[in-house]
Amino acid sequence: MGEIKLMKGNEAIAEAAIRVGCDAYFGYPITPQSEVMEYLAAEKPEERTGMVLLQAESEIGAINMIFGAASAGKKVMTSSSSPGISLMQECISYIAGAELPCVIVNVVRGGPGLGTIQPSQADYFQSVKGGGHGDYRLLVLAPDSVQEMSDHVKLGFDLAFKYRNPVMIQSDGVIGQMMEKVEFFDPIPRSTEIQPWATLGRKGMRKKNVITSLDLDPYQNEMHNHFLQEKYRKMEMDEVRFEEYNCEGKLDYLIVAYGCSARVSKKVIEYAKNEKGLNIGLLRPITLFPFPKLQIEKLSKNVKAILSVEMSAGQMIEDIKLTVGKGVRVEHYGRYGGVVHNPEDVWNGFKEIFLNE
Amino acid sequence: MGEIKLMKGNEAIAEAAIRVGCDAYFGYPITPQSEVMEYLAAEKPEERTGMVLLQAESEIGAINMIFGAASAGKKVMTSSSSPGISLMQECISYIAGAELPCVIVNVVRGGPGLGTIQPSQADYFQSVKGGGHGDYRLLVLAPDSVQEMSDHVKLGFDLAFKYRNPVMIQSDGVIGQMMEKVEFFDPIPRSTEIQPWATLGRKGMRKKNVITSLDLDPYQNEMHNHFLQEKYRKMEMDEVRFEEYNCEGKLDYLIVAYGCSARVSKKVIEYAKNEKGLNIGLLRPITLFPFPKLQIEKLSKNVKAILSVEMSAGQMIEDIKLTVGKGVRVEHYGRYGGVVHNPEDVWNGFKEIFLNE
Amino acid sequence: MESIDVSMDINEIIKPENLVYKKSSLFEEKPFSYCPGCGHGTIQRTLMEVVEEMGITEDVVGVAPVGCSVTMYEFLDIDMLQAPHGRAAAAATGLKRVLPDKYVFSYQGDGDFAAIGTGESIHTCNRGENILVIFVNNGIYGMTGGQMAPTSLINMKTSTTPYGRKQEQMGSPLKITELIAQLPGTYYVSRHAVHTPAGVRKLKKAIIKSFELQKENKGLCFIEVVSNCNSGWKMTPVKSNQWMEENMFPFYPLGDIKVDGKLVK
Amino acid sequence: MESIDVSMDINEIIKPENLVYKKSSLFEEKPFSYCPGCGHGTIQRTLMEVVEEMGITEDVVGVAPVGCSVTMYEFLDIDMLQAPHGRAAAAATGLKRVLPDKYVFSYQGDGDFAAIGTGESIHTCNRGENILVIFVNNGIYGMTGGQMAPTSLINMKTSTTPYGRKQEQMGSPLKITELIAQLPGTYYVSRHAVHTPAGVRKLKKAIIKSFELQKENKGLCFIEVVSNCNSGWKMTPVKSNQWMEENMFPFYPLGDIKVDGKLVK
Amino acid sequence: MSKAKGAIVVDKEKCKGCEVCITACPHQVIGMTSTVNAKGYRVASMVLPEACTGCTNCALVCPDGVISVYRLKAASVA
Amino acid sequence: MSKAKGAIVVDKEKCKGCEVCITACPHQVIGMTSTVNAKGYRVASMVLPEACTGCTNCALVCPDGVISVYRLKAASVA
Amino acid sequence: MTEELIIAGFGGQGVLSMGKILAYSGIMQDQEVSWMPAYGPEMRGGTANVTVIVSDQEISSPVLNRFDTAIILNQQSMDKFESAVKPGGTLIYDNNGILNHPTRKDIKIYCVEATDEANRMKSPRSFNMIVLGAYIKIKGFLKYENVISGLKKSLPERHHHTIPENEAGLKRGMDIVKEISI
Amino acid sequence: MTEELIIAGFGGQGVLSMGKILAYSGIMQDQEVSWMPAYGPEMRGGTANVTVIVSDQEISSPVLNRFDTAIILNQQSMDKFESAVKPGGTLIYDNNGILNHPTRKDIKIYCVEATDEANRMKSPRSFNMIVLGAYIKIKGFLKYENVISGLKKSLPERHHHTIPENEAGLKRGMDIVKEISI
Ligand SMILES: Cc1ncc(C[n+]2csc(CCOP(=O)(O)OP(=O)(O)O)c2C)c(N)n1
Ligand SMILES: Cc1ncc(C[n+]2csc(CCOP(=O)(O)OP(=O)(O)O)c2C)c(N)n1
Ligand code: SF4
Ligand code: SF4
Ligand code: SF4
Ligand code: SF4
Ligand code: SF4
Ligand code: SF4
Ligand SMILES: [Mg+2]
Ligand SMILES: [Mg+2]
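Chains A, B, C, D, E, F, G and H, in that order, are what the protein sequence lines are.
Mapped onto numbering that gives the first Met the number 0, the consecutive letters of the first sequence carry residue numbers 0 to 356.
Mapped onto numbering that gives the first Met the number 0, the consecutive letters of the second sequence carry residue numbers 0 to 356.
Mapped onto numbering that gives the first Met the number 0, the consecutive letters of the third sequence carry residue numbers 0 to 264.
Mapped onto numbering that gives the first Met the number 0, the consecutive letters of the fourth sequence carry residue numbers 0 to 264.
Mapped onto numbering that gives the first Met the number 0, the consecutive letters of the fifth sequence carry residue numbers 0 to 77.
Mapped onto numbering that gives the first Met the number 0, the consecutive letters of the sixth sequence carry residue numbers 0 to 77.
Mapped onto numbering that gives the first Met the number 0, the consecutive letters of the seventh sequence carry residue numbers 0 to 181.
Mapped onto numbering that gives the first Met the number 0, the consecutive letters of the eighth sequence carry residue numbers 0 to 181.
To be clear, the hints were calculated from the coordinates, so they are not data collected in a lab.
Take these hints with a grain of salt, some might be off.
[Stated by the list, open to error] The calculated DSSO-like cross-link candidates involving lysine-lysine, where the alpha carbons are at most 30 Å apart (straight line), are:
no.: 1; chain 1: A; residue 1: K297; chain 2: A; residue 2: K320
no.: 2; chain 1: A; residue 1: K320; chain 2: B; residue 2: K292
no.: 3; chain 1: F; residue 1: K72; chain 2: D; residue 2: K156
no.: 4; chain 1: A; residue 1: K180; chain 2: G; residue 2: K151
no.: 5; chain 1: D; residue 1: K204; chain 2: D; residue 2: K261
no.: 6; chain 1: H; residue 1: K138; chain 2: H; residue 2: K121
no.: 7; chain 1: A; residue 1: K207; chain 2: D; residue 2: K21
no.: 8; chain 1: C; residue 1: K233; chain 2: C; residue 2: K156
no.: 9; chain 1: G; residue 1: K151; chain 2: C; residue 2: K156
no.: 10; chain 1: D; residue 1: K203; chain 2: D; residue 2: K233
no.: 11; chain 1: B; residue 1: K300; chain 2: A; residue 2: K325
no.: 12; chain 1: H; residue 1: K170; chain 2: H; residue 2: K142
no.: 13; chain 1: A; residue 1: K4; chain 2: C; residue 2: K156
no.: 14; chain 1: H; residue 1: K170; chain 2: B; residue 2: K180
no.: 15; chain 1: B; residue 1: K275; chain 2: H; residue 2: K104
no.: 16; chain 1: G; residue 1: K121; chain 2: G; residue 2: K138
no.: 17; chain 1: C; residue 1: K214; chain 2: C; residue 2: K264
no.: 18; chain 1: H; residue 1: K121; chain 2: B; residue 2: K275
no.: 19; chain 1: B; residue 1: K207; chain 2: C; residue 2: K203
For reference, chain A alone in the conformation it holds in the complex:
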């Protein structure tokens, strides 16, 4: 068993980065995730593992440093929060186009604009549908605990390198700022493996490596896009991750929720079961892209209705509706703009929507 610590979600990300053998972190401060860089700085990662740590002049600087370092086939990571992630969209589209692996953490806060620094889940569209230009996809992981904040860093790098694709860890201020127990995996030494596509200097007889997202010839660019789309289809086949909670037996309703909203929903489900004799299942997408369509479709068959609980005006609900069509009623509940719904909020919302109370 690994080491157990009590830690903030943001700190767990940082510690996991060091342990997973991350080669470099580039970032720019922004609430509520500045602890990631601060933890790293305090840990002297250059001494612990040789990991590079650099505070960039901006989020655009940071993500482009990621672009450069990822080109060398290194494990690289950045983190930010909503406005900072918006600034990264051009380069994220480049990274996806150039097929570079990297992990990007978004500890979402309330928008739009400067909004507030309180938790939110309103960047779902941005992460999942593509906030940048063009047809690309991020692999999007949605941790719901400090434990998963750590686990997803490891998983994120595995997937990023497996698919040569940027991975977004989409968290929120609750998961980033809360402390929980976390069991860390044992440290993995920084990799010495050379990625065959990496720009490390054109050794000997090998052909030069070029990292680019450009194909001036549209037909070539279309080919490249076809290839990317196939990769995304493969992710949809192989990388769907989810958790089912209270989904055995006959269900009355289904809640679909991720991250912090899933945690809150569990409490509501316990309450409904114990106090109201109502059986509500929870499907928690762990991957937002690829979205757990098959599982939701299966569960949707036998429920009266589905509630999408998200701290947004309703974004993931579109993917649920796309999944189940119009046969099942699908509704959204969520506080948003920085307000975190508590179990009572959600239960009241549920009652009002489905029980007409």
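Put chains B, C, D, E, F, G and H with the ligands on the given structure of chain A with help from the hints.
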């Protein structure tokens, strides 16, 4: 009747901006839309109407100049193409949050990343679902002709001020670069009207005006978000715009397509009707947000299937599916990554998908 | 207000006709959100004094940054906008270009102006926009909890350089003011501090001068205020002012840097 | 290749053992995409000559900009990446930080480095990243069809300033090189041109020097090449080189600006 | 000891107890109360009122602008 | 007229006819052909071959690197 | 056993670290814990609160609106959280600065004069340890030695010299708690 | 009447402006027109082409894959567009630089020796006007005076002095066309 000219779509945008009494244009060059600024520069708008023209140091500079000038309640506009629009996402979210009117033109090119400079429609998700962070919406207009490039500048400003909301004119390299006849509306003098919310200096006894997207208190920010959502619902009620083509009588199939794809589809529809005796209707969304849901739903009732024709890997198709559910088959056809589908491509795609040929 | 403990003499002094100083009336009731002793308050107080005394309240529009002063529009009773992080100068450019007859200023921290906003900052200065930029250099990111700023001194401990800023890794503190003074677009560039009465008086003169020059369309006026961030520096306000004198001023010497479009000395 | 029309003498000269100059072998067969007479080709030729002669092909990684050289990776036979517009310096930073033993260079146009990329450019220089930046200043946006660049001269006609760049509206041409030379992070800063053989020889020396300094981790080396854009300027190549001498050089004088970390003169 | 020519009034509820005014006063007029205001800050008050010249130095450096200064016209002429 | 010590070979299909080499040659060795290559460019060629010293100037400034230069070792010693 | 607790007061009263000690104490006895602070603008100058959950089972929501126990350290927090205690639950407060004392009849209410006691002990900093001691005594589910281990874990090495002082505070809180039940 | 036309050749041959003149000519006789260039990397040095549609009806797709007429000015374009002419359609080409002449039997093919003729006229720039003249004559739907008005419209004022030269080219093209039908 207004003045008739033969012009590129990009030039029509620029000429319309001068005629509509636009107060300022800020932009940064990028293919395939640099003609907008070039046309303006050649026209000496400072002499024609007193309009301000400034080449910014970057797209981020440009959109933030827009932010500043729009705060004064002025008619302001920028234009760019995909990578440049990605860079604007943070500020676009701010503009939406601060409820400023402005017109932003995206002459879309093939992505992701640097991609190609050829036409594309793969920024639908970005414009319609929100490429920036948080829950906000742009009003998105999709011109399909040089005439509409001009008309939508006028319409765009009307809507932007009506709703205090940024308007995106989502065009593509075909419509931007082609020349057609365009009948211009008569020039409107630059407005001297003072917007009551504008930051023009706190005159006399009026309370100060503040333009901000910040509400550190999450409950206030939630209220503000509720208000925004209501505004978006109102747009969905009142501002849906679309064109129906060949939709009278009994239809076999329905094509949904916007912009250049709608033009190409019309040719396919003529062909199918004249050569194959097949009746295909076209629903062309003129507003991408709000999306013409009612109309598509109505038409969907009596067709065998729907084809979403877009120069992307399939983005608008999600809104069609959300509209019609699973009762009707909905498929996507489109060349993408910078390749423009021609009528034969679309017809072949149609045949392959629906006629198994 | 509670009555204060004063002798008869003093009660005679405290009469409306003897009032020689009070905070400008261009403030809202709401107290500043700044930490005790933070220079932001003093600077904004001084700024509003000038606006009030020059009688330009109806003609001034300010641009707030992202930083501790992000909500300054809540305290100042003038029209303001709040720009994205680092882009206040660009927003001020847009504003001034459509309102050439108004007085426009941006108020920006060192993170805002000299890190994320460097591009917009340099080009706004280079174009010589007719605005006033007030640049508050406290060598740290106050608002987000004391991270390193481009202007943090060598060996300075911040939450992202807990063992001190190292030149090899993070480069040298950026003298952005000296840099933008090189640009033909800047007309008046001056560095100040507000922890002493003399400093405040000088700052006031500099602001007046800047607005006067703005009226004459002379180009960009730039006022740096070297300030404390006692929270970020983890010192008492008084101690932080001392530390500032001893450590910041040698590197960021006070005084005029460019006057009448010409570099000083 | 067609045989050329030469006398007996010449056929005796053209023998492998007499070869004194040919293009570096570090090029692909594919011809440059640049316009006839464009300096980009000469600069890249010279760069590859150095790489080949120094024998560092296996240890060099370049970063291409967005600009006319965006596809330079198609011509140069070395590992390269192609960075977003303006961010080549940031990408090179990321690359160099994880590959401290490799030679890293970025190659950037004036729009790329000095307009959209200003923030990244300044901070990369300020941190003193151990890289070489080759900055090609042709006073215009070549790739997108000849729009104004920050470095365009006053009164210069471009597609966005068809009546000439006006200082009041657009500010002065930005001497970004002089600016970054002020930063302690830059170690060697030098300005060149490649329209004469002497200029090419000097550039070559400067590149060699820069790579040598990079090996010693001295900080950032910066080479500006003032170059022509005959397409953008709408002149023949030969005419454009003349125009460059007459108009660009007075404003952007050639020579070393900073050597051994010290400003020249 | 000379008769006071000036006096200050501190808005106690808004004072944040930063003590910057103390440093600025050339005549050591100001000290901190031992009790705190509703916000929990000890606040500035005149501890040597007779020394106050009404020079406004303290008010000029007060970040929160909570000091008003009064000065006797006659005295200042004298 | 002195006997040629040098000579150049131009890759005609890649020459873009920019004439930059002409300006660079100190001995007016180079001129342009009147016919064009497949790309439509007139190309550089030696018009005064006997004047060529093999100094490489032309090659150094050729943007497209299409000039190779040869020089007689003996001659150069002479 | 599941304890759902909120600690609420001024920023600067050590609210967050009290929660941290409790969370560590729970870990010391192999329980699940979560610690969820309200953060942001409230933290600077304003109020601060932290939700702590200690449980034998996996913890679902770290965000709560009803609590088994509320530890309340200023009036604002009293106004906000008195009603959030579950019926039958516990409210512990320091009376210093409290104008409107709690009035609910369906919960157990304890007043700890921690500020005063700490001043009496000439150790104002021990104030929050006294409150904590009272809490531990009242609720009883955390073993004292686990709290001490939790305390040690929660402090960085360089602050370990304060442990004796903290322990004294804890003990005092446990001692005086008996009398303060109302 | 609808004419769907492609003009294809080298960049620099004036392909785009030929299209522009035709589009303006269409407008002069109150027809609908569209002009759609292939743009981008192809334009610099490489090939250039433009699709022009002139019609009495509203124009649907400005993007086409089949054409009533193709005007072809180099070999690359011949390779690409010969097959794109509709059966019964028209192909007009300048033989200069063409190695593989068109072979289709189901379309009308015209060769205009425009380059040579222009050189003969000592006005190499007139080359594309000669081609245009041939086109106008062959297709017949554009009135000569409308073409002249279109030409004027399409030229900026400062180039109006070239109009006589251009007219000469047009006329020559119309004159020599008879002979070149094959
Ligand atoms: C795009 C973006 N990045 C980062 C942040 C987070 N942020 C807020 S203020 C700030 C720095 C403030 O420092 P400074 O400009 O020096 O102002 P100060 O608070 O010191 O006065 C940062 C990084 C943000 N709001 N937006
Ligand atoms: C974000 C973004 N904005 C704008 C562009 C369009 N663009 C491509 S190259 C270029 C300017 C190139 O000028 P310069 O850097 O001077 O290089 P040159 O072509 O002159 O060598 C621009 C604006 C882009 N590709 N991406
Ligand atoms: S954090 Fe620093 S800069 Fe911000 S208000 Fe506090 S002292 Fe001032
Ligand atoms: S456009 Fe200018 S910079 Fe670009 S290749 Fe042509 S001449 Fe060179
Ligand atoms: S007015 Fe002058 S003398 Fe009086 S308290 Fe203030 S600083 Fe001291
Ligand atoms: S300077 Fe102002 S806020 Fe600070 S102690 Fe003095 S009166 Fe109070
Ligand atoms: S090698 Fe020297 S002499 Fe010979 S052609 Fe070239 S430049 Fe002229
Ligand atoms: S310089 Fe090179 S490309 Fe130009 S004409 Fe001479 S040989 Fe040809
Ligand atoms: Mg600061
Ligand atoms: Mg350039």
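Tested hints:
A hinted pair counts as satisfied when its Cα atoms are at most 30 Å apart, and K297 (chain A) with K320 (chain A) qualifies at roughly 13 Å. Of the supplied pair hints, the one linking K320 (chain A) and K292 (chain B) holds, its CA atoms being roughly 15 Å apart against a limit of 30 Å. Distance hint between K72 (chain F) and K156 (chain D) is unfulfilled; the C-alpha atoms sit about 49 Å from each other, more than 30 Å. Restraint check: the Cα-Cα separation between K180 (chain A) and K151 (chain G) comes to about 16 Å, which is no more than 30 Å; the hinted pair holds.
At most 30 Å may separate the alpha-carbon atoms for a hinted pair to count; K204 (chain D) and K261 (chain D) meet this at roughly 19 Å. Simply put, K138 (chain H) and K121 (chain H) have alpha-carbon atoms about 27 Å apart, close enough for the 30 Å limit, and the pair holds. With a CA separation close to 22 Å, the supplied pair K207 (chain A) and K21 (chain D) stays within the 30 Å bound. Using a Cα cut-off of 30 Å, the hinted pair K233 (chain C) and K156 (chain C) holds, with the two alpha carbons roughly 10 Å apart.
Proximity of K151 (chain G) to K156 (chain C) is assessed by CA-CA distance (about 26 Å); at most 30 Å being required, the pair is judged to hold. At most 30 Å may separate the alpha-carbon atoms for a hinted pair to count; K203 (chain D) and K233 (chain D) meet this at roughly 28 Å. Of the pairs offered as hints, the one joining K300 (chain B) and K325 (chain A) holds, with about 14 Å between alpha carbons and a cut-off of 30 Å not exceeded. With a C-alpha separation of about 13 Å, the suggested pairing of K170 (chain H) with K142 (chain H) holds against the 30 Å cut-off.
Proposed proximity of K4 (chain A) and K156 (chain C) is supported: the alpha carbons are some 26 Å apart, at most 30 Å. For a cut-off of 30 Å, the pair hint linking K170 (chain H) to K180 (chain B) stands: about 27 Å separates their Cα positions. The hinted pair formed by K275 (chain B) and K104 (chain H) meets the criterion: a straight-line CA distance of about 27 Å does not exceed 30 Å. Restraint check for K121 (chain G) and K138 (chain G): satisfied, since their Cα atoms lie roughly 27 Å apart, inside the 30 Å limit.
The suggested pairing of K214 (chain C) with K264 (chain C) holds, with an alpha-carbon distance near 26 Å, which does not exceed 30 Å. Distance check on the hinted pair: K121 (chain H) and K275 (chain B) sit about 53 Å apart at the alpha-carbon level, beyond 30 Å; violated. Distance restraint check for K207 (chain B) and K203 (chain C): the Cα-Cα separation of roughly 23 Å lies within the 30 Å cut-off, and the hinted pair is therefore satisfied.
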